[in-house]
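There are 2 protein chains.
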Amino acid sequence: MTHRNSLPQGIEPNMISFSLGHPDRTSFPFADLETATMAAFKSQALAMFEYGPQQGEKRLITRIVDHLNRAEDLNLKYENLMILSGSTHGVDMVCRLFVGAGGGILLEAPTYKDTIHIFRDHGSKLHPVPMDEKGIILEAMTDIVERLSSEGNSPKLFYTIPNFQNPTGRTTTKDRREEILDLARRYDFIVLEDDVYRDIAFEGDLPPSYFALADGHGVLRIGSFSKTLAPGLRLGWLIGEPEVIDTCMNCGTTQMGGGANPFVSSILAQYLGSDKWEKNISRLRENYRNRRDIALSALERFMPTGVHWTVPSGGIFLWLTLPPSVSVYELQAASRPKGVVFSAGPGFYVDPDDGKFNLRLAYSFVAPDELEEGIRLLAETVEELSR
Amino acid sequence: MTHRNSLPQGIEPNMISFSLGHPDRTSFPFADLETATMAAFKSQALAMFEYGPQQGEKRLITRIVDHLNRAEDLNLKYENLMILSGSTHGVDMVCRLFVGAGGGILLEAPTYKDTIHIFRDHGSKLHPVPMDEKGIILEAMTDIVERLSSEGNSPKLFYTIPNFQNPTGRTTTKDRREEILDLARRYDFIVLEDDVYRDIAFEGDLPPSYFALADGHGVLRIGSFSKTLAPGLRLGWLIGEPEVIDTCMNCGTTQMGGGANPFVSSILAQYLGSDKWEKNISRLRENYRNRRDIALSALERFMPTGVHWTVPSGGIFLWLTLPPSVSVYELQAASRPKGVVFSAGPGFYVDPDDGKFNLRLAYSFVAPDELEEGIRLLAETVEELSR
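Residue numbers (this note's numbering), protein chains in the order written: chain D, 1 to 387; chain Y, 1 to 387.
Bear in mind the hints are in silico, worked out from the structure with no lab data behind them. Just to be clear, a hint being listed does not mean it is correct.
Chain copies aren't distinguished; within one or between two, either way the pair holds.
[As the list claims (entries may be wrong)] With a straight-line Cα cutoff of 25 Å, these simulated DMTMM-like cross-link-like pairs (lysine to aspartate or glutamate) come out:
hint, residue 1, residue 2
1, K58, D24
2, K58, D369
3, K279, E203
4, K279, E372
5, K77, D353
6, K276, E34
7, K113, E243
8, K338, E178
9, K156, D121
10, K42, D24
11, K58, E383
12, K356, E179
Keep in mind that this is a model prediction, so the values were computed, not measured.
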């Protein structure tokens, strides 16, 4: 196997890149997936080549349902899950079918920048709600929902990344989730939880998902193989009540395109027939926990006083707050010549005036030996700019 | 290789099914694609597993551009083409980015039912325009466009299937294309040509595409591997002016998901490195021409007077018109117990009151020996209902 010449979009050569939430390039189980591919060609080539069932490859659905029921003690049934072409497909489809142009969406401030972009492409109205370390601030959310409701513009959806949030690394507490669900029920908006980092947990118990807490009512949950296996496969899943899954199966894109990629789905169904995925997840947890620890200890060692950061208990992101004397744009301009890039805070906010003293560090893609050096260089730059 | 137990959505066991525009199940080049897959694992596994470039896999883009330039004497450049996750992805994205909710779309009456569904999901306004054997009727289109324009609701897009149209099998003439382009320029709407059947041409020359006639200005063109290779791969392409392709590359879904499936794209790039695709297309042309000929001669032999049909010079669809005494719903109800299913006309119209005396026969999926028998049974049923 040789590496291809051209790097994926967004990866800059010869830079220490904290910008991208990409998996560790050395983590992909090439041999296991090659074996699964060969087996799929042998046993189910026709299913790989034809249009697939609209809900997705049947064995793949069954195996993901089994995995989730086992891992979280859930009671999911076959009709609760639909295969997606990655979480992108889910976010886009849910917005198209359940929100639409002009429909209101509540979201965490800050949140994942590309979903802001998707919601904007649909012409939906965005209502950011500030967060604290426990998740979205309930009082702020209640105020916004009450105001919108009194104006006759009740929001249709709350988009959340409940575990190891992108970009902050924060996990919403169980109490907060329950309070939000209560508000969602009272004001009749859907909770869409984008839960792609759940399996990358380092320590402690995760709160039950919104889906579990609500027994599925009014909640849609997205999962993905991009963070726990390989993003190039472009496969994920959507969990919801059967009638909601039905709506998604009967929408125009699903009717036209058939189920999510049948070729790759057949291969993944084969791969999931063993415990290889679980083992891969265990390896990734160790891998990313090690990187987080290196990043945290480098931050503690090198960062000047006045810089603060979150301490994620899983996932791939850290969120830094700079002292008021150093804007993130200054830091970006000054650290790039030193070979370090990262994502500036404002991109994660609906209002780009927010986040000017924040940055996101993704530690999954940076090799362990570069993590410390990258953070040292960043710290040095902050200090230079503070003088 | 064994066939999987469960049939793809929409396929009914033990029925002669004229319903589905699915490829012949025996036509897939299993061995060649398995070879390409193995080679991709050897030479570019990393590219298969990571997020891909937003425009799509670079070698795949180059090879499709080369194929199109060679086949049609075009002058496409690399920046004119973006890889899609099937034509569905293209139709949905173009509607999202360039039309949106409330935006007007002109379309052929009848047209492909699932695109009607996608446009409706976006809340776009649909303006069907009647066709004759040469394509959409220009006078009718002009009247509609002028009326909409005078109301301040100029349409944003014309969606057309120019070659071997779904469902009629008709090909829009060159003159008609030029007249429509002239109208599009005057009233500033985009022409979206869904050209997935182009390569399945049996005889005669095809008119140049809208894209070629307009030198790309104001035209977007969709192509797909679903009809010429295998729908389960879920890959196609979008051709447009570089700035339009740029807009698509920079939209939310492309930013979030990366390029169209990198895993399958790498395999296809490998497969397209030889002349196997062209050879597969040649075989499919022979295969489907033979089926069309069987279908046409069975129609001539068995159908009672008063039934009319189109004579497609390519593609996979025939369009029948029944005598006014036999509605398609009656025919559907009476032919199902005999083991024959097809698609009723109204599904292909925006207004389901249209097409009540029409049906679409897809001849690609029905085995040659069943084609004649299926049409004989249909003809017998029409005769029984006409009495």
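Hint check:
no., hint, in the structure
1, K58 with D24, "between (30 Å within a copy, 22 Å between copies)"
2, K58 with D369, "neither (43 Å within a copy, 31 Å between copies)"
3, K279 with E203, "within (17 Å within a copy, 56 Å between copies)"
4, K279 with E372, "neither (27 Å within a copy, 54 Å between copies)"
5, K77 with D353, "neither (44 Å within a copy, 39 Å between copies)"
6, K276 with E34, "both (13 Å within a copy, 23 Å between copies)"
7, K113 with E243, "between (30 Å within a copy, 23 Å between copies)"
8, K338 with E178, "neither (45 Å within a copy, 56 Å between copies)"
9, K156 with D121, "both (17 Å within a copy, 16 Å between copies)"
10, K42 with D24, "between (31 Å within a copy, 20 Å between copies)"
11, K58 with E383, "neither (56 Å within a copy, 42 Å between copies)"
12, K356 with E179, "neither (30 Å within a copy, 53 Å between copies)"
In summary, the numbered hints that this structure violates are 2, 4, 5, 8, 11, 12.
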